[in-house]
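Add chain B to chain A, keeping to what the hints say.
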Amino acid sequence: MNENTNIIELINVRKEFDDETVAVDNFNLEVKKGEFVTFLGPSGCGKTTTLRMIAGFEIPTSGKILLNGEDISKLPPNRRPVNTVFQKYALFPHMNVYDNIAFGLRLKRIETTVTGKDGKEKVKKVRLSKSDIDKKVKKALEIVDLEGFEKRSVSTLSGGQQQRIAIARAIVNQPEILLLDEPLGALDLKMRKEMQIELKNMHKKLGITFIYVTHDQEEALTMSDKVVVINDGEIQQIGTPTEIYNEPVNTFVADFIGESNIFNGTVVDKLKVKFCGATFDCLDDFEINDMVDVVVRPEDIKICAPADGQLKGKVISTVFKGVHYEITVEVGKFEIVIQSTSCAEVGAVIGMRVEPDGIHLMRKVYTVNKYDGVITKNNTVEFGDGEFECDVTTLYPDSHLDEEGYLITAGGEKIDLTDVEVEVEIDTHDIEMSDDKSAGGVVGNIISMIYKGDHYRYIVRTEENEEDYVLSCPDLWNTGDLVSLIIPKDKIKLKLKVAEGNK
Amino acid sequence: MKKFRLRFSRSQLCLPYAVFLALFVIAPLLVIVYYAFTNGQGKFTFNNFTNFFSNTNTIGTLLYSFFLSVTTTLICLVIAYPTAYILARSGFKKQYVLLMLFIMPMWINFTLRITALKEVLSLLEGNISRYPFLNSVIGMTYDFLPFMILPLYTSFLKLDKNLLEAASDLGANKFTVFLQVTLPLSVPGIVSGITMVLLPSMTNYVVLDMLYNKTFIMGSLIGSYFSAYDWHNGSMISLVLLVIIFIVTLVTNRFSDKDDNSGRTVL
Numbered sequence: 006m007n008e009n010t011n012i013i014e015l016i017n018v019r020k021e022f023d024d025e026t027v028a029v030d031n032f033n034l035e036v037k038k039g040e041f042v043t044f045l046g047p048s049g050c051g052k053t054t055t056l057r058m059i060a061g062f063e064i065p066t067s068g069k070i071l072l073n074g075e076d077i078s079k080l081p082p083n084r085r086p087v088n089t090v091f092q093k094y095a096l097f098p099h100m101n102v103y104d105n106i107a108f109g110l111r112l113k114r115i116e117t118t119v120t121g122k123d124g125k126e127k128v129k130k131v132r133l134s135k136s137d138i139d140k141k142v143k144k145a146l147e148i149v150d151l152e153g154f155e156k157r158s159v160s161t162l163s164g165g166q167q168q169r170i171a172i173a174r175a176i177v178n179q180p181e182i183l184l185l186d187e188p189l190g191a192l193d194l195k196m197r198k199e200m201q202i203e204l205k206n207m208h209k210k211l212g213i214t215f216i217y218v219t220h221d222q223e224e225a226l227t228m229s230d231k232v233v234v235i236n237d238g239e240i241q242q243i244g245t246p247t248e249i250y251n252e253p254v255n256t257f258v259a260d261f262i263g264e265s266n267i268f269n270g271t272v273v274d275k276l277k278v279k280f281c282g283a284t285f286d287c288l289d290d291f292e293i294n295d296m297v298d299v300v301v302r303p304e305d306i307k308i309c310a311p312a313d314g315q316l317k318g319k320v321i322s323t324v325f326k327g328v329h330y331e332i333t334v335e336v337g338k339f340e341i342v343i344q345s346t347s348c349a350e351v352g353a354v355i356g357m358r359v360e361p362d363g364i365h366l367m368r369k370v371y372t373v374n375k376y377d378g379v380i381t382k383n384n385t386v387e388f389g390d391g392e393f394e395c396d397v398t399t400l401y402p403d404s405h406l407d408e409e410g411y412l413i414t415a416g417g418e419k420i421d422l423t424d425v426e427v428e429v430e431i432d433t434h435d436i437e438m439s440d441d442k443s444a445g446g447v448v449g450n451i452i453s454m455i456y457k458g459d460h461y462r463y464i465v466r467t468e469e470n471e472e473d474y475v476l477s478c479p480d481l482w483n484t485g486d487l488v489s490l491i492i493p494k495d496k497i498k499l500k501l502k503v504a505e506g507n508k
Numbered sequence: 002m003k004k005f006r007l008r009f010s011r012s013q014l015c016l017p018y019a020v021f022l023a024l025f026v027i028a029p030l031l032v033i034v035y036y037a038f039t040n041g042q043g044k045f046t047f048n049n050f051t052n053f054f055s056n057t058n059t060i061g062t063l064l065y066s067f068f069l070s071v072t073t074t075l076i077c078l079v080i081a082y083p084t085a086y087i088l089a090r091s092g093f094k095k096q097y098v099l100l101m102l103f104i105m106p107m108w109i110n111f112t113l114r115i116t117a118l119k120e121v122l123s124l125l126e127g128n129i130s131r132y133p134f135l136n137s138v139i140g141m142t143y144d145f146l147p148f149m150i151l152p153l154y155t156s157f158l159k160l161d162k163n164l165l166e167a168a169s170d171l172g173a174n175k176f177t178v179f180l181q182v183t184l185p186l187s188v189p190g191i192v193s194g195i196t197m198v199l200l201p202s203m204t205n206y207v208v209l210d211m212l213y214n215k216t217f218i219m220g221s222l223i224g225s226y227f228s229a230y231d232w233h234n235g236s237m238i239s240l241v242l243l244v245i246i247f248i249v250t251l252v253t254n255r256f257s258d259k260d261d262n263s264g265r266t267v268l
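First to last, the sequence lines map onto chains A and B.
For the first sequence, the working numbering gives the first residue as 6, with consecutive numbering after it.
For the second sequence, the working numbering gives the first residue as 2, with consecutive numbering after it.
Just chain A, same shape as in the assembly (with noise of 0.2 Å):
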C-alpha cells in the first residue's frame, strides 16, 4: 500500500438535485489527517451540501468520497465514522443530556477476542458497558465544560449549553472527521468568539480531523488550517489563511474575504500597471496590453503629502472603527477606501502610495457576454433567454433588407434569416438595467456586485435557464433585485455560426 496520509478526498464530486440544479460540481478536495478545514463561501454556494455529501445524507450525482483511501459516496451515514454536529443543534427533546450523549455510545459495537467455553479464541461485536458509556459521557462533559448537566432536560438549556451538548455528543464517539455545520451561526457575537477559541483548542487537544462550514470570513481565517473558498458549487481557491488574504486568485475572493478596493487596470509595461490614472510598479507578471483585475487593501494604502503620493485625492469621509480610521478618498471618479491609524480631515487633500506587493493583479474574469442565438422571423435575435431587437444586415457586408424583411446581399441573393444560428457577442458595459420590467428584453435578478472603484460590476441571472449577463454600471442597486435589461441594437454583435447561414 502506498503513503497515503489524506484521511478524506474528493474527487470530481457533483451534485445535481432533483430540479435539476447543480448544487456542486467539479469539488476537488484532499484533506490530511488532524487538518482544521474551512468551507467558506456565501449561502447558497453548495458547502453544506458537500459537508452533507461527506455525512452521508447526501449521495454525490457523480465522483468519489474516499476515506481513508475507500470509496464511501454510497454508504449510508450510520455507517461512516464522521459525526457532524448540526446547525440548530438538533439534540433529541424527549432525552437528558446524559442520554443524548450516549445515544452514539449504546449503538456502538467494539470487536473483542473472547476464549469460549472450548477454549477457541473468537471475535465477537460486544456493547459498551454501562461503566464504559457512564466514563466516556462524563469525559466528554468535561471537555465541553458542562460537568453535572448529566440529569438536565435538554429544553432547560440556553442555545450556548445546547450547542456544546451537541459537540460533546459528536466527539464523544471518536470520529476520525467531525463535522460542523455552521455550529456558531445562532450564538451571540460574545459567546461566538468564545467557542471559536474553545473550538480551536479542542481541535488541537483531540487531534480529530475538522471540516467546518461557514459563511462568516472571519471565523474561517482565525480558525482554520486550510480555507475552501466556494462559489455556486465550485471551489474558487483552496490555502492558508494568509494565502487566501494575501494572494486572492480571482475578484470574488478578495471581496468576500476582508475589504478591498477593486480596480480594472491595464499592464502598461514589464511589472507596471495603470489604474486609477495613475502607474504603478507590481509584482505579478502578466503581458504588456493585458486587462487585469487589480485588488489592493484598504490598510496597505499609505497616506502622505499630495506632492509625494502617486494617487491624490479629497477625502469624503472619515469613521472611526476602533483600532483604525476608515477613510474614503476621491480620486478623480474613483473612490478609494483606506484604512489606517492616522486620521485625515473630511475635505482634506492626501496623496496616498501603494508598495508593489500590496497591488494584486488577477486575470479578468468576464471581459464579453457570449452566447448562441437564434434569429427569429422578425429580424430579432433570440439569446439567453430573451429576445432582442438586433442589426441583421451586419451579418453580411454592405447588405441590405427587403420591405419583406428578406435580407439582401451585396451581391444581390435573397437570403431567409429565420432560425439561423449566431453567435452573439455584448460588452459589459454597453448593457442597461431597468426597473421597468418590460422595458428590455429579458428579466433577471441580480446574483453578484463588486465595486470597482468608480463602478459596480453585476451579474443578473435569468430564471428560466440561468443565463448569466455581466455588466458594469455606476449607479448602486441591490443582489436580489429584479430588473430588466436594455441592449441596445447597435451594441449587439452578430456573427454567422456556420459559414453558410441559410438552409
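There may be inaccurate statements among the hints.
[As the list claims (entries may be wrong)] Short, incomplete list of chain B residues facing chain A, as computed with Cβ under 8 Å:
1. Glu120
2. Asp161
3. Asn163
4. Ala167
5. Ser169
6. Leu171
7. Gly172
8. Ala173
9. Asn174
10. Thr177
11. Leu180
12. Val182
13. Pro185
[Claimed, not checked] Beta-carbon label-pair distances, calculated as ranges:
14. A/Leu481 with B/Leu14: 51 to 59 Å
15. A/Glu75 with B/Ile248: 40 to 48 Å
16. B/Ser10 with A/Glu152: 50 to 58 Å
17. A/Glu147 with B/Gln13: 55 to 63 Å
18. A/Thr161 with B/Tyr213: 38 to 46 Å
19. A/Asp440 with B/Leu78: 52 to 60 Å
20. B/Met107 with A/Thr423: 53 to 61 Å
21. A/Ser67 with B/Leu180: 30 to 38 Å
22. A/Ser67 with B/Gln96: 52 to 60 Å
23. A/Glu147 with B/Leu78: 52 to 60 Å
24. B/Leu184 with A/Ser67: 50 to 58 Å
25. B/Leu124 with A/Ile64: 45 to 53 Å
No lab work stands behind these hints, which were simulated from the structure alone.
C-beta atoms are modelled at their ideal positions from N, C-alpha and C, and glycine is treated no differently.
Coordinates of chain B only, in the frame set by chain A:
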C-alpha cells in the same frame, strides 16, 4: 369635551360565557347529580349506585362498550399510524390532496355514510345481522379514523428532520431511528388520537343501531332508561361514565405534550 366610551373589564367580557356555562353545562350536571342520588320521592339514596354495580346487565354493557371502543381504537391506530407517516413524509404538493381524501368523508352526513357502509357490508356478508360485533367495529373505525390520523399527521409534520439525520449520523440504522426517535416523539400524537377515538366510541350507539347490533353499549343503555322515564338510574349511569372519562383524560394528559393541541384544533 370628553367623549363617552363604552369600556368593559376582562371579567365583564367573560359574563356571557359564564352565563352560558352555568345554564347549559353546570346546571345540567347538577341536575344529573341530583337525580343520580335521589329516588322517585325526591329522597337521598345510594340505591341507584348499588343498582348499577350489582346489576350484571349494566356491568356487562360497560365491559362490552369498553371492549368495542378499545378494539376500534387499536384498529384505528394500526391503520392511521403508517398512513399519517406516509402522508407527512410524501412530497409537498401531493400531501394536502392525500390528506383531503381522508378528511373529506367527514363532510358527508354521518348517518348517510353508515347507510352506505351498511349496503356495502350486506353485499359482502349477505345477512348483515350475522356479525354484529365485527360490523360495529368496522362502522366505528370508518367513522373515527380521521380523528386518529389528524393528530398523528401533525405530530409527524412537527418532527424535525434534523433529528432523524442526527440519529443516523450517530450510528443508528433505519429501524433504530424509528424506534428511538420517531416513535417516542409521536407519542403525544398517539395519545391525542386515542382520547379522540376511545371516549366517543364508548357512547356512539347510532352506529350499532344502524348496523343492527342489538347489544347495548353505554349510550344506548342510558337512552333506554331515559325513554322509560327512569331518570334516576339513567343519571347514575351517566355519572359513572363521566367519572370514567374524567379518569381516562387525566391519565392521557400526563403523556401528551403541553403545547400539543394542534391535532385537536384542526378539527
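Legend entry - Non-conforming hints, listed in increasing numerical order: Violated: hints 1, 11, 15, 18, 22, 23, 24.
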